[in-house]
Amino acid sequence: MPRRAETDDPLVRGIARALRKIRLEQQVSQVDLGLRTEIHPTWISHIESGRVNPTFMNLARLSRGLDLKPSELIRRAEEEAF
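Using my numbering, read the sequence shown as starting at 112 and increasing by one per residue.
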């Protein structure tokens, strides 16, 4: 049986949706978030589109850039996913 791509995982899609929603709620651009986190805006775009599965360290950096605890980002991602 072929393996499902990581980006097909509901939690990866939930992270994508939650990150984008939070960023837009806070009226932060991908460029500004990139400056806050030292993550390239293109990579943030890939995360928000669900094309890549972010590492925990990147999730932690994104959370801090949005003034959240990583657990809050994960909680919101779970709500989006399930």
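Think of the hints as simulated: they come from the structure by calculation, not from any bench.
Keep in mind the model is a prediction, meaning the values are calculated, not measured.
No residue lacks a Cβ here, since even glycine has one placed at the ideal position from N, Cα and C.
Incorrect hints may have been included.
Calculated pairs, SDA-like style, for lysine to any residue (alpha carbon to alpha carbon, straight line, at most 25 Å) [stated by the list, open to error]:
| # | residue 1 | residue 2 |
| --- | --- | --- |
| 1 | K132 | F193 |
| 2 | K132 | E183 |
| 3 | K180 | V142 |
| 4 | K180 | M168 |
| 5 | K132 | L177 |
| 6 | K132 | G145 |
| 7 | K180 | G145 |
| 8 | K180 | T153 |
| 9 | K180 | D143 |
| 10 | K132 | V163 |
| 11 | K180 | N169 |
| 12 | K180 | E190 |
| 13 | K132 | A171 |
| 14 | K132 | H151 |
| 15 | K180 | V123 |
| 16 | K180 | L135 |
| 17 | K132 | T166 |
| 18 | K132 | L184 |
| 19 | K180 | R128 |
| 20 | K132 | R172 |
Estimated spans, in silico, between C-beta atoms of each pair [what the hints assert, rightly or not]:
| # | residue 1 | residue 2 | range |
| --- | --- | --- | --- |
| 21 | E136 | S160 | 24 to 30 Å |
| 22 | H157 | P181 | 16 to 22 Å |
| 23 | M168 | R124 | 29 to 35 Å |
| 24 | L146 | F193 | 16 to 22 Å |
| 25 | S140 | D119 | 17 to 23 Å |
| 26 | F167 | D143 | 29 to 35 Å |
These are the hints, each one checked on the structure:
For the proposed pair K132 and F193, the alpha carbon gap of about 16 Å is at most 25 Å, so the pair holds. Note on K132 and E183: the hinted pairing holds, with a Cα-Cα distance of about 13 Å set against a maximum of 25 Å. The straight-line distance between the Cα atoms of K180 and V142 is roughly 21 Å, inside the 25 Å bound, and the hint therefore holds. Of the supplied pair hints, the one linking K180 and M168 holds, its CA atoms being roughly 12 Å apart against a limit of 25 Å.
For the proposed pair K132 and L177, the alpha carbon gap of about 11 Å is at most 25 Å, so the pair holds. Taking the CA atoms of K132 and G145, the gap is about 16 Å. The hint holds against a cut of 25 Å. With a C-alpha separation of about 18 Å, the suggested pair K180 and G145 falls inside the 25 Å cut-off, and the hint holds. A hinted pair counts as satisfied when its Cα atoms are at most 25 Å apart, and K180 with T153 qualifies at roughly 23 Å.
Note on K180 and D143: the hinted pairing holds, with a Cα-Cα distance of about 19 Å set against a maximum of 25 Å. The suggested pairing of K132 with V163 holds, with an alpha-carbon distance near 17 Å, which does not exceed 25 Å. At most 25 Å may separate the alpha-carbon atoms for a hinted pair to count; K180 and N169 meet this at roughly 13 Å. Of the supplied pair hints, the one linking K180 and E190 holds, its CA atoms being roughly 16 Å apart against a limit of 25 Å.
Among the hinted pairs, K132 with A171 is consistent with the structure: their alpha-carbon atoms are about 17 Å apart, no more than 25 Å. At roughly 19 Å between alpha-carbon atoms, K132 and H151 fall within 25 Å of each other, so this suggested pair holds. Distance hint between K180 and V123 is fulfilled; the C-alpha atoms sit about 18 Å from each other, no more than 25 Å. About 17 Å separates the Cα atoms of K180 and L135, which keeps this hinted pair within 25 Å; it holds.
At roughly 19 Å between alpha-carbon atoms, K132 and T166 fall within 25 Å of each other, so this suggested pair holds. Between K132 and L184 the alpha-carbon distance is near 11 Å, which keeps this suggested pair within the 25 Å criterion. A distance of roughly 17 Å separates the Cα atoms of K180 and R128; the hinted pair therefore holds under the 25 Å criterion. This hinted pair checks out: K132 and R172 have alpha carbons roughly 17 Å apart, not beyond 25 Å.
The hinted range of 24 to 30 Å is not satisfied by E136 and S160, whose Cβ atoms lie roughly 18 Å apart. A hinted range of 16 to 22 Å holds for the C-beta pair H157 and P181, which are about 19 Å apart. For M168 and R124, the hinted distance range of 29 to 35 Å is not satisfied, since their beta carbons lie about 20 Å from each other. For the pair L146 and F193, the supplied restraint of 16 to 22 Å is violated, since their beta-carbon distance comes to about 32 Å.
For the hinted restraint 17 to 23 Å between S140 and D119, the CB-CB distance of approximately 28 Å leaves it violated. At roughly 23 Å, the beta carbons of F167 and D143 sit outside the given window of 29 to 35 Å.
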